[in-house]
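Peer 1: Construct the entire structure; sequences and hints are all you get.
Chains as they are written, first to last, in the UniProt record's numbering: chain A, 1 to 98; chain B, 1 to 98.
Hints listed in this document are in silico derivations from the structure and should not be mistaken for laboratory results. Heads up, a few of these hints could be off.
A pair counts as met if it fits within one copy or between any two copies, since identical chains are not told apart.
[Stated by the list, open to error] Listed below are the simulated DSBU-like cross-link pairs for lysine-lysine, each with C-alpha atoms no more than 30 Å apart in a straight line: (1) 63 - 85; (2) 2 - 63; (3) 69 - 93; (4) 96 - 60; (5) 36 - 10; (6) 37 - 93; (7) 69 - 85; (8) 10 - 37; (9) 96 - 69; (10) 36 - 96; (11) 10 - 69; (12) 37 - 96; (13) 60 - 2; (14) 10 - 63; (15) 2 - 37; (16) 2 - 36; (17) 69 - 2.
Here's the letter readout for the chains.
There are 2 protein chains.
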Amino acid sequence: MKNPIADLNKIFDSRIRLGVMSMLVVNNEIGFNDLKKMLELTDGNLASHLNTLEQAEFIKVHKGFIGRKTNTTYSITPLGKQAFKAHLDALEKMIKKL
Amino acid sequence: MKNPIADLNKIFDSRIRLGVMSMLVVNNEIGFNDLKKMLELTDGNLASHLNTLEQAEFIKVHKGFIGRKTNTTYSITPLGKQAFKAHLDALEKMIKKL
DNA sequence: TATTTAACTTTGAAAAACAAAGCACTTTTA
DNA sequence: TAAAAGTGCTTTGTTTTTCAAAGTTAAATA
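Peer 2: Structure representation (structure tokens):
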């Protein structure tokens, strides 16, 4: 038998980052405010988790405008998609014995 | 849409506690040392996570002997089984849209 | 002009994770 | 028989992570 948790990605230990990724897998672009409302977070908290995901190059930011008002949206990268899938596979393998 | 992470159990945010539970779901009794080796943890770290799970009444301790040598094992409780299952269901629901 | 909204950054506090050491006891080994 | 090693912790202290709150810049709205 081998260590069942070794293949889990540390970045996805956080429920919030997990939530962000799960939303971005199905919506190819989501705004900062939508994420904030959906996950019920403060600005700072969300921003810092998004930053962690961005550092890992799992998500990408798009700074745009609606009229002349700033509008920031996020999308998942190919690397992010792959890492998230690998994490889910590891999770599944861990519990499939059930 | 509703908050996708609201139904995740905070206790299972930890990869280690997740690993312990996943092992206890399939083996109805596991020793301290087996858990330690399998999850590659220090004594103190494992003991404290086991303590968290015990406080939540998700696992139960059995202090016994092998011959006259102490032997401590752990097993999952019905409550633990239920909570773990609920967590997995929440996880699945979160990512099933995929 | 004053307030509000967007999307942060910074600050600081609280919580969690973790390794290392200590401990009481027993068994094994030299 | 003395020393070493194993079991299963607890304690201590450090590092890491998480978060909320406040501050910020710029634009929109009342």
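Peer 1: All the hints need checking, so say for each whether the structure fits it.
Peer 2: Here is how each hint holds up against the structure:
In this homomeric assembly, residue 63 and residue 85 come within 30 Å of each other (Cα to Cα) only inside a single copy, at 27 Å, whereas the closest approach across copies is 40 Å. Only between protomers do residue 2 and residue 63 lie at most 30 Å apart by alpha-carbon distance; the minimum there is 26 Å, versus 44 Å within a single protomer. Taking the closest pair of Cα atoms, residue 69 and residue 93 never come within 30 Å of each other, the shortest separation being 46 Å inside a single copy and 35 Å across copies. Taking the shortest alpha-carbon separations for residue 96 and residue 60, only the inter-copy value of 23 Å comes in at or below 30 Å, while the best intra-copy value is 32 Å.
In this assembly of identical chains, residue 36 and residue 10 lie within 30 Å of each other by CA distance both inside one copy and across copies; the values are 22 Å within and 19 Å between. In this assembly of identical chains, residue 37 and residue 93 lie within 30 Å of each other by CA distance solely across copies; the values are 19 Å between and 32 Å within a copy. Proximity of residue 69 and residue 85 under a CA criterion of 30 Å is satisfied in neither setting, with 35 Å inside one chain copy and 45 Å between copies. Taking the closest pair of Cα atoms, residue 10 and residue 37 come within 30 Å of each other both inside a single copy (25 Å) and across two copies (20 Å).
When the C-alpha separation of residue 96 and residue 69 is checked against a cutoff of 30 Å, the pair qualifies neither within a copy, at 48 Å, nor between copies, at 34 Å. In this homomeric assembly, residue 36 and residue 96 come within 30 Å of each other (Cα to Cα) only across copies, at 21 Å, whereas the closest approach inside a single copy is 33 Å. For the identical chains of this complex, residue 10 and residue 69 are neighbours neither inside a copy (36 Å) nor across copies (37 Å), given an alpha-carbon limit of 30 Å. Taking CA atoms no more than 30 Å apart as the test, residue 37 paired with residue 96 passes between copies only; the shortest distance there is 21 Å, against 33 Å inside one copy.
For the identical chains of this complex, residue 60 and residue 2 are inter-copy neighbours only, at 24 Å across copies versus 34 Å inside a copy, given an alpha-carbon limit of 30 Å. Only within a single protomer do residue 10 and residue 63 lie at most 30 Å apart by alpha-carbon distance; the minimum there is 28 Å, versus 33 Å between protomers. Only between protomers do residue 2 and residue 37 lie at most 30 Å apart by alpha-carbon distance; the minimum there is 9 Å, versus 40 Å within a single protomer. In the homo-oligomer, the alpha carbons of residue 2 and residue 36 lie at most 30 Å apart only across protomers (12 Å), although the nearest pairing inside one protomer, at 38 Å, exceeds that limit.
For the identical chains of this complex, residue 69 and residue 2 are inter-copy neighbours only, at 27 Å across copies versus 52 Å inside a copy, given an alpha-carbon limit of 30 Å.
Hints 3, 7, 9 and 11 from the earlier list are contradicted by this structure; the remaining hints agree with it.
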